[in-house]
Amino acid sequence: MSNQALPRPNFSPPAPEQGHRAALKLESTTAPLLQGKVSDVPDALFAWAMRLCGLAVVALLGLIVYELIVGSQLSWHAFGWKFFGLSDWNPVEDQYGALPFIYGTVVSSILALVIAVPLAVGVAVFITEMCPVALRGILSFTTELLAAIPSVIYGLWAIFVLVPIMREYVQPVFAKTLGWTGLFTGPSYGIGMMTAGVILAIMIIPIISSITREVLAVVPQHQREAVLALGSTRWEMIRVGVLRNARAGIVGAVILGLGRALGETMAVTMVIGNRPEIAKSLFAPGYTMASVLANEFSEATGDLYLSALIEIGLALFLVTIVVNTLARLMVWSVTRGHPAKGIA
Amino acid sequence: MNTTSSALAQQIVVPNVGWRRRITDHLMTGVAVLTVVLVLAPLFAIFAYLVYKGIGSINLAFLTQTPKPVGEPGGGMANAIVGTAVILAIASLLGVPFGIGAGVFLAEYGRNRYGDAVRFVADVLNGVPSIVIGIVAYGLVVVRQKHFSALAGGVALAIMMVPTIARTTEQMLLLVPQAIREAAYGLGVSRWRTTLSITLRTATSGIITGAMLAFARVAGETAPLLFTAFGNQFWNRDINQPTAALSLQIFNYAISPFDEWHRQAWAGALVLIVLIVTAVASVRFVVRRGKLAGA
Amino acid sequence: MGVGITVERLNAFYGKTQALFDINLNVVANHATALIGPSGCGKSTFIRCLNRMHETIPESRVEGTVRIGDLSVYNGTSATQLRRRVGMVFQKPNPFPTMSIYDNVAAGLKLNGFRNRKQLDEIVEKSLRNSALFEEVKDSLHKKSGASLSGGQQQRLCIARALAVQPEVLLMDEPCSALDPISTGKIEDLIFQLKEQYTIVIVTHNMQQAARVAEFTGFFLLGKMIEFDRTEKVFTKPSDKRTEDYVTGRFG
Numbered sequence: 001m002s003n004q005a006l007p008r009p010n011f012s013p014p015a016p017e018q019g020h021r022a023a024l025k026l027e028s029t030t031a032p033l034l035q036g037k038v039s040d041v042p043d044a045l046f047a048w049a050m051r052l053c054g055l056a057v058v059a060l061l062g063l064i065v066y067e068l069i070v071g072s073q074l075s076w077h078a079f080g081w082k083f084f085g086l087s088d089w090n091p092v093e094d095q096y097g098a099l100p101f102i103y104g105t106v107v108s109s110i111l112a113l114v115i116a117v118p119l120a121v122g123v124a125v126f127i128t129e130m131c132p133v134a135l136r137g138i139l140s141f142t143t144e145l146l147a148a149i150p151s152v153i154y155g156l157w158a159i160f161v162l163v164p165i166m167r168e169y170v171q172p173v174f175a176k177t178l179g180w181t182g183l184f185t186g187p188s189y190g191i192g193m194m195t196a197g198v199i200l201a202i203m204i205i206p207i208i209s210s211i212t213r214e215v216l217a218v219v220p221q222h223q224r225e226a227v228l229a230l231g232s233t234r235w236e237m238i239r240v241g242v243l244r245n246a247r248a249g250i251v252g253a254v255i256l257g258l259g260r261a262l263g264e265t266m267a268v269t270m271v272i273g274n275r276p277e278i279a280k281s282l283f284a285p286g287y288t289m290a291s292v293l294a295n296e297f298s299e300a301t302g303d304l305y306l307s308a309l310i311e312i313g314l315a316l317f318l319v320t321i322v323v324n325t326l327a328r329l330m331v332w333s334v335t336r337g338h339p340a341k342g343i344a
Numbered sequence: 001m002n003t004t005s006s007a008l009a010q011q012i013v014v015p016n017v018g019w020r021r022r023i024t025d026h027l028m029t030g031v032a033v034l035t036v037v038l039v040l041a042p043l044f045a046i047f048a049y050l051v052y053k054g055i056g057s058i059n060l061a062f063l064t065q066t067p068k069p070v071g072e073p074g075g076g077m078a079n080a081i082v083g084t085a086v087i088l089a090i091a092s093l094l095g096v097p098f099g100i101g102a103g104v105f106l107a108e109y110g111r112n113r114y115g116d117a118v119r120f121v122a123d124v125l126n127g128v129p130s131i132v133i134g135i136v137a138y139g140l141v142v143v144r145q146k147h148f149s150a151l152a153g154g155v156a157l158a159i160m161m162v163p164t165i166a167r168t169t170e171q172m173l174l175l176v177p178q179a180i181r182e183a184a185y186g187l188g189v190s191r192w193r194t195t196l197s198i199t200l201r202t203a204t205s206g207i208i209t210g211a212m213l214a215f216a217r218v219a220g221e222t223a224p225l226l227f228t229a230f231g232n233q234f235w236n237r238d239i240n241q242p243t244a245a246l247s248l249q250i251f252n253y254a255i256s257p258f259d260e261w262h263r264q265a266w267a268g269a270l271v272l273i274v275l276i277v278t279a280v281a282s283v284r285f286v287v288r289r290g291k292l293a294g295a
Numbered sequence: 001m002g003v004g005i006t007v008e009r010l011n012a013f014y015g016k017t018q019a020l021f022d023i024n025l026n027v028v029a030n031h032a033t034a035l036i037g038p039s040g041c042g043k044s045t046f047i048r049c050l051n052r053m054h055e056t057i058p059e060s061r062v063e064g065t066v067r068i069g070d071l072s073v074y075n076g077t078s079a080t081q082l083r084r085r086v087g088m089v090f091q092k093p094n095p096f097p098t099m100s101i102y103d104n105v106a107a108g109l110k111l112n113g114f115r116n117r118k119q120l121d122e123i124v125e126k127s128l129r130n131s132a133l134f135e136e137v138k139d140s141l142h143k144k145s146g147a148s149l150s151g152g153q154q155q156r157l158c159i160a161r162a163l164a165v166q167p168e169v170l171l172m173d174e175p176c177s178a179l180d181p182i183s184t185g186k187i188e189d190l191i192f193q194l195k196e197q198y199t200i201v202i203v204t205h206n207m208q209q210a211a212r213v214a215e216f217t218g219f220f221l222l223g224k225m226i227e228f229d230r231t232e233k234v235f236t237k238p239s240d241k242r243t244e245d246y247v248t249g250r251f252g
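Chains as they are written, first to last, in the working numbering: chain A, 1 to 344; chain B, 1 to 295; chain C, 1 to 252.
Since the hints were derived computationally from the structure, they do not count as laboratory data.
On a predicted model such as this, the values are computed, not experimentally measured, just so you know.
Beta carbons are placed, not taken as given, at the ideal position from N, Cα and C, and that holds for glycine.
Heads up, some of the hints might be wrong.
What the hints assert, rightly or not - Using C-beta positions, here's what the derived DEER-type ranges look like:
| hint | chain 1 | residue 1 | chain 2 | residue 2 | range |
| --- | --- | --- | --- | --- | --- |
| 1 | A | R336 | B | Y52 | 17 to 27 Å |
| 2 | B | L34 | A | Y169 | 13 to 23 Å |
| 3 | B | H147 | A | L52 | 23 to 33 Å |
| 4 | C | G151 | A | W332 | 45 to 55 Å |
Stated by the list, open to error - Listed below are several chain C residues computed to face chain A (Cβ distance under 10 Å; list not exhaustive):
| hint | residue |
| --- | --- |
| 5 | N26 |
| 6 | S72 |
| 7 | N75 |
| 8 | A79 |
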């Protein structure tokens, strides 16, 4: 039965009903203090109250969709799909075509991306890969600070500082060197598509940069080490070991920036010129979907006018939802499994 | 044999990184630094201009008077400052409780399909352009009341606050270790009591920070107020009437053709930024004060 | 005073996986019972079934009967009410980080509506004395947070917190595994004293500890209880070969 050769735990077990060691005098207790029935009702009530709050979030979305669809019915029945193809925006004659705004939104956003993406990715790469550790906190904090500035203040600064700079220094240079493309022709007022693109770019750099930083940080260290071990320079290591791995995430960050740019209202309204025309030159004034809403909504007389504007709002809403969802999916696919710091 | 192996050794020498690759490496580092400079330059420029152009115009008159009629110098944005405070108060009263409640739902009762749906919707809502939210608040409140109001503005901003606060609250609650909840359950504390007095209590500083960030974000918003609060050149004691707001005032003044109003726009912008930064900093300070030694 | 625990035909499940198979045992009042066994054998799951903590895990299920004293655990008592009569100390000390030492100990009472300040003071002091912590913290009860204590002190704080609610049973799930030997010794002494007032069930993977502290020992393996008897017998003359193999260190 018992194998005496194997060691047994060395012990002196307590015998039942016996034995004290040196006394901590134990103070006696009385009958259990907490009497009374415990009801399950408060728990259930609380749970339902919380669920209601969660439901409120979904209800908000429903409300938004409802208001937009109901409000745009008039315009939808009047123009149908042509609404998005016509470029005649004439409130006086009750003729509404949204094409100029779609064009303006798309062009200003793309221009913003073209400027912002290299800068934002550059900053992100610098902070995660090149920067001395001591500077990292300060740099990331200051780029986040850019995101905290309200849109109207960007607009204020753009009107009085950026526009003159564009008008006097930047646009003439572009006209001289790249004027042959047709993109940089015409009078240079400073107010126009190009300036709008620039200020938009400044505004979306923080979000593209911060998401890119998250995505880069998630690339495993051994990927970097593998490339370095092959005898690469630091830039080559970044290009091959980090950027290539983070590609999907960076694209996601860019698309998130696009989503932000599409909906940006105030700063753009203040510098784009607010002219519902489609022009090839970037110097020309334009109009975005958000801007026309900002400018004309409170003045809109007539139900059809208002309805047309709401329909533009609906279109803007749908586009930004699709773009943002796509972007999140791409970022999520890269950062999945790593604790995220919370996407703004 | 010896000569062969040493000759071999000489041939297998690892080549140095060519000058071309080294130059590229240095160049790219330079490019990266350049991007940082280019990105930070506007930041400094904006703050510099705000102070430079605004500080001279901030005086007692600016902070205590209402706007003067067009063309007359002087006057201030007192009504706009108060109006912003009122609208933000309404927005917080409406938005913060629902936001935190939704966050509690997501963290404690929402680790399932329904929670996933709410989470997704919250993220979608966070991406909706603020001007669209303004349209919705217009339809909800302004159309019903048949006039613009601070209430409508507050509703618009509240709609923006709820999904933001919900997600940050959720994240803070998830950081509370499950062991803490279990300790409370083990003591015979009911689930709702545990959630309120233990879980939420432990995550309080993070939740407050999250709410503050949402607050700061909507404090500077203009678009949703354009056709809800609408603005007002005079004092307004009634939340059911059009109300001035700092951001609205800055916008209207900036796009006006009057130099006097431009000057005041800069001052207003500086006041707005200072208010936002102060609000965020003061919350951090209060939160830190309330902690016990060693906590 | 402590009460006895009767367990009949207990089966526990995590979703579709069964973790406990037909456990039957009787825990004797005012004695310490140790549960030993290799990792993953179900002893933690078992102890968590006794105060229905197992239920807090989604998709978990329990079948069978458990009686604590005159209380039927799974039939008719709310989990909250049960847990006021059964205290639990966890593997890793988990004091409430935002609360002072005093508030930690009083938490079980305050959160359940007990407001009498004078009585609370008495109970807090008594519980801290009973867990051998009072002398060390009496000057900073309200000033220091629960989390600022050392590991061993935190665990004693958790014991005091559990005792303050005046349970009849104290469940301890590997209470010393995260502690240094000196703290472990202090807590083992404590358990020895507490036996007079409470019924103690202690899960441990340290066989020496079981031998030092408990009168009865149950050996778990793969979700089944292999043997349950007086500690002395389990360690010197076990009836089952598997128990023998485990206590002599052949595996586990």
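- request: Could you work out which earlier hints the structure fails to respect and list their numbers in ascending sequence?
  value: Failing hints, ascending: 1, 4, 5, 6, 7.
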